[in-house]
Amino acid sequence: MLEADDFVKGLQGIGFDFFTGVPDTILGGIIAHLTEERLYTPAVREDEAVAMAAGAYLGGKIPVVLMQNSGLGNALNVLASLNLIYQIPCLLLVSWRGFEGKDAPEHLVMGETMTTLLDTVRIPHRTLSQETIVEDLKWTATTFMEKRIPVALLLKKGIVKTIQP
Amino acid sequence: MIGPEEGVMQSRAQAMAAMLELMTDQLLIVCNGFPSREACKLRDRAHNFYMIGSMGATAGIGLGLALAQPEKTVVVFDGDGNVLMSLGTLATISALRPKNLIHVVFDNEVYGTTGNQPTYSRVVGLDKMAKAAGYQNVERVWEREDIVYEFKAMLGEDGPSFLLVKVNEQLEEADRIALSPAELTKRFKGSVT
Numbered sequence: 001m002l003e004a005d006d007f008v009k010g011l012q013g014i015g016f017d018f019f020t021g022v023p024d025t026i027l028g029g030i031i032a033h034l035t036e037e038r039l040y041t042p043a044v045r046e047d048e049a050v051a052m053a054a055g056a057y058l059g060g061k062i063p064v065v066l067m068q069n070s071g072l073g074n075a076l077n078v079l080a081s082l083n084l085i086y087q088i089p090c091l092l093l094v095s096w097r098g099f100e101g102k103d104a105p106e107h108l109v110m111g112e113t114m115t116t117l118l119d120t121v122r123i124p125h126r127t128l129s130q131e132t133i134v135e136d137l138k139w140t141a142t143t144f145m146e147k148r149i150p151v152a153l154l155l156k157k158g159i160v161k162t163i164q165p
Numbered sequence: 001m002i003g004p005e006e007g008v009m010q011s012r013a014q015a016m017a018a019m020l021e022l023m024t025d026q027l028l029i030v031c032n033g034f035p036s037r038e039a040c041k042l043r044d045r046a047h048n049f050y051m052i053g054s055m056g057a058t059a060g061i062g063l064g065l066a067l068a069q070p071e072k073t074v075v076v077f078d079g080d081g082n083v084l085m086s087l088g089t090l091a092t093i094s095a096l097r098p099k100n101l102i103h104v105v106f107d108n109e110v111y112g113t114t115g116n117q118p119t120y121s122r123v124v125g126l127d128k129m130a131k132a133a134g135y136q137n138v139e140r141v142w143e144r145e146d147i148v149y150e151f152k153a154m155l156g157e158d159g160p161s162f163l164l165v166k167v168n169e170q171l172e173e174a175d176r177i178a179l180s181p182a183e184l185t186k187r188f189k190g191s192v193t
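For the protein sequence lines, the chains are A and B, in the order given.
Position one of the first sequence corresponds to residue 1 (my numbering), numbered consecutively onward.
Position one of the second sequence corresponds to residue 1 (my numbering), numbered consecutively onward.
Pulled out of the complex, with its shape left as it was, chain B reads as follows (with noise of 0.2 Å):
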């Protein structure tokens, strides 16, 4: 991987290897496409559970894990697009108020996975949406210096948390993840409880 220089927006394999080299025993849950892909290739992990399909579900499955373990943090990588798709989730996240959850979206504007489609991210802040919306904490950032520093202090806090992360379109080569969709539950479900 290429290292990132000062003041220059990240890739997305790029601002993930730097939040997954900050978590511990925190819970993620990783959205369809090349993100769980990349993050399977950057840092896989049995507390790391790698969706492949249901797009826009990732931020409510994450709520609901963070209902069902309120000890545990909750981490979770999502998308623009997958964001968009579910937009009321921000609304529910909001009223609910998991303190435990924090949710970050890596904006790249694009459809990536699918051929650099533009997303509405371009023209509607995200972050702006979560704040409206209600979410304790709202962070939006680009540098290394900053993701780093943001997620750092979110994983500390009362949340839920919202951490947009402007990113570039560049994908990593990553192989489709290995394990079959069944044994993904069945090692994640083991790690949790």
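For reference, chain A alone in the conformation it holds in the complex (with noise of 0.2 Å):
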């Protein structure tokens, strides 16, 4: 399992350096991390989160946006009438609960159609893997810089140490 420090790191080394979003349990310690590193401007809700980014990048910085799956569909409204269409890209770091249909009964529709979803509103997305994690920072910032959209990485339970164990 990745440390939360060093996956902060990897994020900041491609650039990233402001984060803000609403907590999940899968982003637990990344979130402690962040604000032990005064880096994390906690948002009340998704698209708001997102709108704050969107300034922030407007601002000069390079925004991630952390959050549960569940709030991509409070999101969903600023991305789509904001960012995509303005060309203002942001790091969506998502939980993915309701992964293979094993969570609490109220991530289970999310779990299972959130990559549909992205897909049809054209935010290229990439599942997170301890092995792969090299790649799917490279794959973040390339994509991030090209097309100039929000990008999702898809951040599953195990991958990313939590406080709760």
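Treat the hints as calculated values from the structure; they're not laboratory data.
A hint or two may mislead.
To be verified - Straight-line C-alpha distance at most 30 Å; calculated DSS-like pairs for lysine-lysine:
1. A:K9 x A:K147
2. A:K147 x B:K186
3. A:K161 x A:K9
4. A:K138 x A:K156
5. A:K147 x B:K72
6. A:K147 x B:K131
7. A:K9 x B:K189
8. B:K131 x B:K72
9. B:K41 x B:K166
10. B:K41 x B:K152
11. B:K99 x B:K131
12. B:K131 x B:K186
13. B:K189 x B:K152
14. A:K102 x A:K156
15. B:K72 x A:K9
16. A:K157 x A:K9
17. B:K131 x A:K138
18. B:K131 x B:K152
19. B:K128 x B:K152
20. B:K166 x B:K99
21. A:K157 x A:K138
22. B:K152 x A:K9
23. B:K189 x A:K138
24. B:K186 x B:K128
As the list claims (entries may be wrong) - Computed list of chain A residues with no C-beta within reach of chain B, every gap over 12 Å:
25. T25
26. F99
27. T143
As the list claims (entries may be wrong) - Simulated restraints on C-beta separations:
28. B:R45 x A:T142: 31 to 37 Å
29. A:P105 x B:R43: 36 to 42 Å
30. A:G101 x B:P118: 40 to 46 Å
31. A:G158 x B:G156: 50 to 56 Å
32. A:T132 x B:K152: 52 to 58 Å
33. B:E183 x A:D119: 24 to 30 Å
34. B:R97 x A:P105: 38 to 44 Å
Note that the Cβ used here is the ideal one computed from N, Cα and C, for glycine as well.
Reconstruct the complex from the two isolated chains, following the hints.
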């Protein structure tokens, strides 16, 4: 399993310097580390987080938005009618709750349909794994720079260490 | 444009024009719908970012920009419908306390761009909500003289500030923004960084 601080260093290594979002258990370790380093600006909703990231990008930052996949629904309007048409990129670091149907009932629909949803709104995505982390980050940086739209890294349980074992 | 009379509620465009005149190097985010079209017509500048969609996101964008550019003053031109859609952002702004953010809300108590359907700001005081959330400075104004006085004051003091400008429902004839969304991003970002 990846250490949260190594993962954050990896993101910083490819230029990301503004982190906002809404928490999820899978993201807990990353958020704890970002908070400790005073790098994290909490938002109250996922669409607000995407809006803040857009403002930060306009101000010269390279932003990351952390969220549980249920939050994609909240963020969809901003992603579609701001980021995608204005060519305002951000990295969406999305925890994959409901993966393979093994989760609480509220996560099952989004867990099953998330990648289809992202494909439908044309947000490029990739699922992070420990074996491919270097290529995953390279892909993230390249896609972000070339397309100037939001890109999503999907994070399943057990890839990056969290605060609750 | 009709000249404003003393003691009379302004149209949004009149109120906006009075504020735009006072602006120098401040960055400006304008909410979707007619407000962006009016601001573009009244005083277009590279430091203006016009939204055409993503209703409710205006203050969030302004907040992110203010955090990224702490040395610059960020002004947000928002609307009552927009604020009501994202009331949580009043909490986020108050908690993060960006000193360089001025949140102006033109409150005409209707969804003006879509045919004047009433909003709840008729009965819910958005300035009271901002005050309760913890904005540093909060004012409610109607008349041109007060608009100018309070906005000038907010340009010179630490925020976050919240200026509720009660305006009438009159729309200014204004075309859609000529620049494409991607061009607006490029122009604005280029003017900031």
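Has the given pair, K161 of chain A with K9 of chain A, been kept, meaning a C-alpha gap of at most 30 Å? Distance of about 14 Å is within 30 Å: holds.
Holds or violated: K131 of chain B and K72 of chain B, Cα atoms, limit 30 Å. Holds. K131 of chain B to K72 of chain B sits at ~24 Å (cutoff 30 Å).
Hinted pair K9 of chain A and K189 of chain B, Cα distance within 30 Å: Satisfied, since the Cα-Cα distance of roughly 26 Å is no more than 30 Å.
In this structure, is the beta-carbon distance linking E183 of chain B and D119 of chain A contained in 24 to 30 Å? Roughly 27 Å apart at Cβ, these two residues keep to the hinted range, so it holds.
Is 38 to 44 Å respected by the C-beta to C-beta distance linking R97 of chain B and P105 of chain A? The hinted range 38 to 44 Å holds for R97 of chain B and P105 of chain A, with Cβ atoms some 39 Å apart.
Would you mind confirming whether the straight-line C-alpha gap from K131 of chain B to K186 of chain B stays at or under 30 Å? violated (35 Å)
Holds or violated: K157 of chain A to K138 of chain A, with C-alpha atoms at most 30 Å apart: holds (22 Å)
Within 30 Å, alpha carbon to alpha carbon, are K189 of chain B and K152 of chain B? Judged against 30 Å, a Cα distance of about 25 Å means the pair holds.
Would you check the hint for K152 of chain B and K9 of chain A, treating anything up to 30 Å between C-alpha atoms as holding? Roughly 43 Å between the alpha carbons, so the hint for K152 of chain B and K9 of chain A is violated.
Between K138 of chain A and K156 of chain A, is the straight-line Cα distance small enough, at 30 Å or below? OK: K138 of chain A and K156 of chain A at ~19 Å, within 30 Å.
For a C-alpha distance cap of 30 Å, please report whether K99 of chain B and K131 of chain B respect it. Cα-Cα ~15 Å, so holds.
Far enough from chain B: is every CB of that chain over 12 Å from the CB of T143 of chain A? Given a closest Cβ separation of 17 Å, the condition holds.
The structure is inconsistent with the numbered hints 6, 12, 17, 22, 24 and 29, although it conforms to all the rest.
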